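Make the full structure from the sequences, and use the hints.
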Amino acid sequence: MSDIDLTSRPQESQRLSLERRPFELRALTSGLLTGMTWGIAILGSIPLFSVIIMLVAEGGARLDIEALTALPPAGFEMGGGFANAIIGTLVMVAIAAAISIPIGLLAAIYLAILDPHSPLAGTSRFVAKTLTGFPSILAGVFTYAVLVINFGYSAVAGGVALAVLMLPTVVLAAEESMKQVPQKMTDAAYGMGCTRSQVIWKVVLPTGLPGILTGIMLAVAGAAGESAPLLFTALFSNYFMSELMEPTASLSILIYNFSAMPFDNQIELAWAASLVLVLIVLVFNILARLIGQSKV
Amino acid sequence: MAVNPFQHADSASSVSGPPSGGDYLADSIFRIIALSCAALIVVLILYILWEIGGLAFPAMAQHGLSFVSGTTWNVGTQEFGVLPEIWGTLYSSFLALILGGTFGVAIAIFLTQDFIHARLAAVFRTIVELLAAIPSVVYGLWGIYVVIPMLRPVAEWLHSELGFIPIFGTELSGPGMAPAALVLAIMILPTVAAITVDAFRRIPYKVKEAAYGMGTTRWEAILKVMLPTASSGILAALVLGFGRALGETMALAMLIGNSNQINLSLFAPANTLASLLASSFPEAGQIEVQALMYAAVVLLLITLIVNIVGLGIQQYTVRKFEGKA
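Order-wise, the sequence lines are chains A and B.
Using UniProt numbering, read the first sequence as starting at 1 and increasing by one per residue.
Using UniProt numbering, read the second sequence as starting at 1 and increasing by one per residue.
No lab work stands behind these hints: they were computed from the structure.
Please read all numbers here as calculations on a predicted model, not as lab measurements.
Glycine included, C-beta positions come from ideal geometry on N, C-alpha and C.
Do not take every clue at face value.
[Unchecked claim] Mimicking DSBU-like on lysine-lysine, the simulated pairs with C-alpha atoms at most 35 Å apart in a straight line are:
#1 Lys129/A <-> Lys320/B
#2 Lys184/A <-> Lys206/B
#3 Lys129/A <-> Lys179/A
#4 Lys202/A <-> Lys129/A
#5 Lys179/A <-> Lys320/B
[To be verified] Taking CB as the label site, the calculated pair distances span:
#6 Arg201/B <-> Val283/A: 24 to 32 Å
#7 Pro262/A <-> Thr102/B: 33 to 41 Å
#8 Arg202/B <-> Gly79/A: 53 to 61 Å
#9 Leu290/A <-> Leu301/B: 26 to 34 Å
#10 Pro182/A <-> Tyr145/B: 46 to 54 Å
Spelled out as structure tokens, the structure:
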């Protein structure tokens, strides 16, 4: 790969000797690029700090008991909060988790243990990877086409849309961590006369559990922050939800709606809701990290 | 006669007994359930294509390819064309890719090429991953109240001094291409960085040692050995990052201005397919919904192609370094 030619240009080879001088061009270039890389790394982390500072400053100022317990204010009203949106977000994420985790785990068991090299496993692995890069809004459009047209906007439809987005993350993470379980352990279990399902339930799943839980936590965190698919499926509501089959509020849609309003009160609430949403997402991310550290 | 010590071995529930017929049955039922869940994932994507395609069909039949080349979106006259949105989607993603790609690859180099202590690198990697964890809609809010005000004086200066160049051709009135692309770049940076870090990690350590052994400086090793070796992985990172950018919705819907026009200027408002869907759908009537579904099909096709290309390159890279997976 190197274009250093040692044979044809003796003077050149003299200059590129192993002895390093601090002020030759190549050392200076290297130093300059190193400085630039440091600069880029620091510049790249500025947005995160800026977002966090703004959230704490703008959102923290407004985050009080009223914000957490009251309903969203209308137009010129002062005060108000987003309690219904917090509940809605949690309910829809729970529905999504209840759908995607069992299906995802079973699919991962098939991909990792039962038949890893079959054409079906290859196809569904590839599809799962493709789905991770799938625009989240299309999950909403899909659920709209399947559920909303027939049953109307609802928390269930929102949960299904989020489940479509969670599924690939759960599958791929669970497959990866089940594959990490040492072959010797499963061999030993088979040697003791265990059936395949006994090996899976008693050896593979408990051993791979930290990795599986990490994947689930990350999927939940991602789903909690999603907004685009909820525009089409759960819509929004200014009231507390009383049943699962009615339009439901969520934090992300509340932020989206309020951010464009010309009222300061709503914009302040949007910041406070963002702070709550980011805290929810971060809690799941930190949980994922903590669980993931205790790996096999 | 004493009690038979092996008596308990007769019961099928005993640990040392052979699996009973019931165990085998449970085993095959379990296998079938797991298999159908794996198949469900494949069925799911086919079903998604079928459903969205089905809803879009009336609009596809009516507008045909003129939908893709048309430039007006007028519900009153039922004229629907998404060329400006396709342009906006590709242009914003391309700008984000240039910025987010440069930063992402540079940060991956920073994290993997011994610039900082391994423990510090882990902390920094966490910071980059947290960038990915922040919800899109929060970036949108941040963009409106932080990025746009910050960008405005810069944009004014660029427009007044360099306005003759088309990309600075208009003033920044508020939302527009530049703030949208900037936020989009921040959002794809973690994707690009993570996949590029993987690509660098796959290179055997000996390769770098050999380069240093030849007397290269750190940057000669990076530019002439590490980057070419990791090139296919980096390409995959860039393509997948581009795919992410194409599908991003909320931040763009809040920042890009939702204006149906094709303009080279960085400061002009524009629109993307995803943000057209997000902003028009809630109030759309039946005919407009069909047209929007057609737009969703266009977006689906573009992102599917880009993602599949990216995954293909990534798999090729893995195979190159690790033999057949």
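For each hint, the structure was consulted:
This hinted pair checks out: lysine 129/A and lysine 320/B have alpha carbons roughly 19 Å apart, not beyond 35 Å. At roughly 30 Å between alpha-carbon atoms, lysine 184/A and lysine 206/B fall within 35 Å of each other, so this suggested pair holds. Between lysine 129/A and lysine 179/A the alpha-carbon distance is near 17 Å, which keeps this suggested pair within the 35 Å criterion. The straight-line distance between the Cα atoms of lysine 202/A and lysine 129/A is roughly 28 Å, inside the 35 Å bound, and the hint therefore holds.
Our distance criterion of 35 Å between C-alpha atoms is met by lysine 179/A and lysine 320/B, whose separation comes to about 21 Å. Hint check: arginine 201/B to valine 283/A, Cβ distance near 29 Å, so the stated range 24 to 32 Å holds. For the hinted restraint 33 to 41 Å between proline 262/A and threonine 102/B, the CB-CB distance of approximately 37 Å keeps it satisfied. Between arginine 202/B and glycine 79/A, the C-beta spacing of about 56 Å keeps the proposed range 53 to 61 Å intact.
For the hinted restraint 26 to 34 Å between leucine 290/A and leucine 301/B, the CB-CB distance of approximately 41 Å leaves it violated. Between proline 182/A and tyrosine 145/B the Cβ separation comes to about 51 Å, which falls inside the hinted range of 46 to 54 Å.
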